[in-house]
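Chains as they are written, first to last, in our numbering: chain A, 804 to 1120; chain B, 3 to 299.
FYI, nobody ran anything at the bench for these hints, they're computed from the structure.
Because the structure is a prediction, the values reported are computed rather than measured.
Just to be clear, a hint being listed does not mean it is correct.
Said to hold, decoys possible - Result set (BS3-like, lysine-lysine): computed pairs, CA atoms no more than 30 angstroms apart in a straight line:
| hint | chain 1 | residue 1 | chain 2 | residue 2 |
| --- | --- | --- | --- | --- |
| 1 | A | Lys840 | B | Lys57 |
| 2 | B | Lys22 | A | Lys1105 |
| 3 | B | Lys134 | B | Lys285 |
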Amino acid sequence: MCLVTAQLAAPDDAGLRRLLHGLPPVDQVGAEARAAKLGTRSIKTTAKAQALDLAVRMVDLTTLEGADTPGKVRALCAKGIRPEPDQPTCPSVAAICVYGDMVPTAKAALAGTGVKVAAVATAFPSGRAPLAVKLADTVAAVEAGADEIDMVIDRGAFLAGRYAAVAEEIAAVKAACRTGGRDAHLKVILETGELATYDNVKRASWLAMLSGADFIKTSTGKVSPAATLPVTLLMLEAVRDFRAQTGRQVGVKPAGGIRTAKDAIKYLVTVNETAGPDWLDPDWFRFGASSLLNDLLLQRRKLATGVYSGPDYVTVD
Amino acid sequence: MSKKPAVAPAPRSSVRKTYKLYIGGAFPRSESGRSYPVTAPSGEFIANAAQASRKDARDAVRAARAAQPGWAKATAYNRGQILYRIAEMLEERRDQFAHQIAEVEGLELDAAHAQVDAAIDRWVWYAGWSDKLSQVLGAANSVAGPYWNISSPEPTGVVALLAPATPTLLGLTSVIAPAIVGGNAVVAVAPDACGLPAVTLGEVMATSDLPGGVVNILTGSTAELAPWLASHLDVNALDLAGVEAGSELARDLEVAAAENLKRVVRPSAGYDWEADPGLSRVKPFLETKTVWHPIGI
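Here chain A stands alone, though its shape is the one from the complex (with noise of 0.2 angstroms):
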C-alpha cells in the first residue's frame, strides 16, 4: 500500500487521515458477536493445562498504585519467577511492571531470571505532560534497566484528528528506548475505554504501528471499561493485516480486568482463531494482570489434584 509507505517516510495529518479513514469500517454487531462466540469454545483436560500454562507465560504481573512500596514490587518479582515455589512445572511469567521509579528494585530483583522488567512511561495513566517530560521519563526508566517501556497515546490529540502529532510522540518514545545503545520493547497503550468506538481502536492500533509500537495495548488499567474481547479482537485483526501489508509482526496486550483463567482462555482462543498461531507466544501476546495470576494458579492445582483449592492457598498480591 502506497499510503503506508508514504506515511511511513513522512507523517502529516490529511495522509494519515486519508489513511485511517479509509480503512474498512469495523461491523460492531459483527465484532461482539464473534467475540461472544470465540469466547463458548471449550476448552478441556491436557489442552486447557497447556492454555493455563501459556497464559501464565503471558502474564505481565503488575503493580500501579501510589502505595507501591520496593518491598512489595519485590514480593511480586518473587512472584514472578516462581509462581508456585513447590512445583517446578510452573512456569515464570513474562515480565513484571512496575512504575519507572521501581525498576531498579525490580532489576535487581529479577536478575538472571529471563523475566523481563516493563515499566509504564511518558506521564502514565494520562499522558498529559509536555513531550520532553515524557522522554525524560522514558530515558530515566531505559537507563534504569527497563527491557519494556509501555507508553500511553495522547487520546486528546487523537480525538481531535491531530494524528501526526500522536505518531510523532510515539515515534520519539520509540527513539528514547533506543538510549544509551538499549532497545527497549515499545508497548503503546491506546486506551481504547476512551476511544468511543471501535473504528477509533481500529486507526489507534494502526497509527500506533505505522509509528514504531512493537505491542500495542487495550487500557491502563486505571479506566473503565479496559480491555473487552471485542476490543482484542480488532487489535489482533489489525496486527494481523498489518503483517500482511507490511511484513512487519506487532505484537497485542490486552491489559486491565482480565481476572479469571476462564476469560485469558477465551483471550487464547480469539488469539489464534485471529491472528494465528503465530501470535500464541509472550512474546507477541500478553495480559496485563495482577489478580489473574492467582486464579490461573488455583485452576492449575484443581487439574493437578482434581479438588477445588480457594484463595486462602496462594498469595495476597
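Since chain A is already given, all that's left is putting chain B on it; use the hints.
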C-alpha cells in the same frame, strides 16, 4: 340499556413455577442445564427441579466466601433481626409451604402445617440466640497477670450443609439457621424431593434482607455434590446431617474433609429433628478467639 350477553370466561392455562437454584442471592438454572423430576411418594409427578453440578457447587462456595465477611461483621442484633424476618416471611407463606410439604412428603395437611409451625418457631428460637452466643460461649477469663483475657466465639467461615431428605422444611431450617446465626455463610444441598421446599425457602430468604450469598441452596443429588464440597479447600466446615450414619459415603466425606481440617458434624441415626437442639449445631461452626489485653498501659 340492554344487558350484555353472558360469556363464559376463556379457558386459562396455569403458569407453572420453574424451580431453580439459589446462589449469591439470585436464582440461576444449573450451569449443566440438567433437571430431575420430583415425584410424590405415591409416584405422581410434581415438578422438575434443577440438578446442580459440581460447578454450581463451586460457584456457590465462591458466593458464600464473598458474602461471609460482611455477614460476620453485621451486629449480632442485626443478624437476629434478619433471622426473625425469615420467620415472618415464612409465617405469611404458611399455607403454601404446608401444601408443598404435604405433596412432596405425602403427609396429611395437618401434619404438614405442624412441621411449618415447628420450622417457623425454630427460626425465631435461633434469632433469639444471635446476641446471646458470645455471653454463653465466650468468657472473661481470670489469668495470673495484668491482662484482661477475653474469649469470644467467631464464625468459622463457609459451611457446607447436607440437608436431610425429611423432614424437608424443618430439616433445612435446623441445619441452616444454626450455621448462619453465628456469622457463617452456607452452601446447603437439598436432596431430591426436598429441593422444592428448599427453593421456596430461598424465595423467603431473598425477601428477608438476608444478604445475597449468605445462604446458597443447591438441589440435586447429595452423593454427586457432597464429595466436591467435602474436598473443597475453601470450605471450612461440613454438616453431614443428610448422609446415612456409618455409611461408606459418610466415611469418605470425612476423609476428604480432613485435607484442610474442616470441622465435621457427623450424622446420627434416628436423629429427632423436632427435639430441642440446644447449641449442638451452633457450637461446631464457631471458633473461640482469645485476646490478651494488657492492663495499665
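Results of checking the hints against the structure:
no., hint, verdict
1, A:Lys840 x B:Lys57, "holds, 21 angstroms"
2, B:Lys22 x A:Lys1105, "holds, 27 angstroms"
3, B:Lys134 x B:Lys285, "holds, 13 angstroms"
The structure shown violates none of the earlier numbered hints.
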